[in-house]
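Enquirer: Just so you know, the sequences run in chain order A and B.
The first sequence begins at 430 in my numbering and counts up by one.
The second sequence begins at -9 in my numbering and counts up by one.
Just so you know, the hints here were simulated from the structure itself, not pulled from any lab data.
Yeah, the Cβ is synthetic: ideal placement off N, Cα and C, and Gly gets one too.
Any given hint could be a false lead.
[To be verified] Distance ranges between label pairs, derived from CB positions:
hint, chain 1, residue 1, chain 2, residue 2, range
1, B, P49, A, T511, 54 to 62 angstroms
2, B, G154, A, K575, 17 to 25 angstroms
3, B, P49, A, K524, 29 to 37 angstroms
Below are the chains, spelled out letter by letter.
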Amino acid sequence: MSKQREPVKLVPVPNPNIIPERDADKSPILECRHLGIDFSGLTAVNDFNMAIGRTEIAGLIGPNGAGKTTVFNLLTKVYQPTRGTILLDGYETSKMTTAQINRLGIARTFQNIRLFNNLTVEDNVKLGLHNYINYGTLSGVLRLPKYWKAERIAHERALELLSIFDMENLADIKAGALPYGAQRRLEIVRALATNPSLLLLDEPAAGMNPSETAELMDNIVKIRDLFKIAILLIEHDMNLVMGICEGICVLNFGEVIAKGTPDEIKNNPAVIEAYLGKGK
Amino acid sequence: MSFLNFLISGISLGSIYAIIALGYTMVYGIAKMLNFAHGDVIMVGAYICFYAVFSFELPPIVGILMAIAVCTVLGIVIEKLAYKPLRSAPSLAVLITAIGVSYFLQNAAQLLWTSSPKVFPRFFNFGGQASVSFFGGQLSVSWTTIITIITCIIIMLALTWFTGKTKRGKAMRACSEDKGAAQLMGINVDATISMTFAIGSGLAAIAGVLLCSAYPTLVPTTGSMPGIKAFTAAVFGGIGSIPGALLGGLLLGIIEIMAKAYISTQLSDAIVFAVLIIVLLVKPAGLLGKRVNEKV
C-alpha cells in the first residue's frame, strides 16, 4: 500500500471554489465558471464550476457517462463550450484553438492511448517539445548548424524527461511496440514535454495492476513536486483518487454533486447515492 | 543495347510519375483525401515555365523557380478555398470537390492560354548537345533523362530526411497518424496540412517541367493522364508511403515503356492498369502499404 499522506486543508478562493491552503495566496491555475455544453439538445455538462490551485493534485470522479472526459475536452477546446468561461492562468480561452491552449499550458493524456505508434519513443517526446525546438524548415532541410544544435538540445531534453520513468533505454523503439504500461507512461512524458502548468490525466491507472498503480501514484506526486505544476485526473480507482488527490470534484449526469477533500467526499451521502444507488 | 535504352527511358518516365505520386501520397497521408486536382497543378507549372522562358525570355532556371513558386501558392490557395471548409465533411464531398477543382483548373488554363498546343522546346542542352553517348555511340541518353533521374533522387533523399529527421516533418507524420493528439501537443494542424499541400504542389511544378521537357506538347489537359498514372503509382506502391510512391512510380514507368516497346503501343495503358489490378488483388494495401488490423 502507498504511504499515508498529510491531510490537506481546502480553502475557498473565490466562492464557491476550493483549493489547497498553500496555493491560496496565488491565483488558481484554472477556473471554470458555469461551464456547460449541449450536444444537439442533450446537456452533457451543466454549470460546472471548479478552481485548481497552482500545485494541487485534483481528482474528477463520477459514474460512467457522468461527463468527466467531456470536461477534459472542454478544457482543451476539443469541444467548444456552449456556456460559461474557462480561465487558464487568468486568460480567457474562448477564442483559442486546441494547439493554442496547449501552448498556454494545458497538456493531457487520453483514456484510450493515443501515441504516434509509427514514430519512436524519442520522437513522440520530441513532438511534445515541438514548440520548444527552434529552427525553420529551411535550416532543417539544409541541415544548417542551427538545426544540429536545436536537435541536440531536444534529444537531451527528451532523454531527461524519459528518465523520470526510467525509459531512456527505450528511446529508439517504436511507440506502438511498447508494452501497455510503458505506453501509458510515455503518454505522460509526452504531455510533460509540452511544458504544461496544468496536466490532465484521463484514467492514468486504467488496466494497471495494484503494484503498477501504487508506482503510478508515487510518480504523479513526484511529477507534481518536480515540475511544480497542477494535475487534474479522472480515475475510477478509488485507492488512487483518495490516496493522492487533495481536492475532489464529483460529477453525475453532467452536474457537480460534491466537492471537497477525500474524507469529505467519502462520507458525502450524495456521492454514495450516485455510486451505489439509493438505500431503501 | 535497346533493352538498356528502354530501361533508362522507363526509369526516367517512372521518376516523373514518382515525383507526382509523392504529392498524391503525402496529401492522402495527412488529409486522407485524394487530390484529383494534383495532375492539373502539373499543367499549370509547365505553362508558367513555358511562358517565363519563351515569352519573357528568362533563363530556364528562373522559369523553373517561378513555376515552383506559383504552384506552391496555388496548392495552398486550393487547400484553403476548396478543401479546408470541408475538413469535417464526408470524404465523398471532398473527392467531388477535388474533381471540380481539376476541371476548374483545366478550363481556366483553356481561357488563359487557349487550347492550341504549345511546343515545349528542349532546354536541357549542355555544350550544344541534347544527349550524351555511351559505349561508342551505341547508347545515347538525353540530358532531360539524366536530369529527371537525378532530380528524382535528390527529391527522394530530401523528403526522406525531412519527414524522418526534422521537427516539421515529424509533425507531419504525427498529424497523419492522429490530428487530435497532435493538436494537443501544440502542433498547428492547419498549418501542417497547408505545408503538405505546398510541398506536393511545388513538386508537381518540377514534375510538370520535366514531363514537358520529355514529352513536349503542352495543352490544358496535359496533366490529367500523368496525374491518373501517378495516382495509380501511389496506390501501386501503397498510398501514404513515400518510398512506396518511388517504387510504384518507377515500376509503372518501366512497365509502361516495356509494354510499348515489346508488346503494343496501343495496349500499353491497358497493360499498366492490368498489372495494377493484379498487384492489388494480391496485396490490397499496395506493395509497401501497411495493412491495418482493426482491433476488436
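Enquirer: Each of the hints needs a verdict: does it hold here or not?
Expert: Hints, verified against the model:
{"no.": "1", "hint": "B:P49 x A:T511: 54 to 62 angstroms", "result": "59 angstroms, holds"}
{"no.": "2", "hint": "B:G154 x A:K575: 17 to 25 angstroms", "result": "18 angstroms, holds"}
{"no.": "3", "hint": "B:P49 x A:K524: 29 to 37 angstroms", "result": "48 angstroms, violated"}
Hint compliance for this structure: hint 3 alone is broken.
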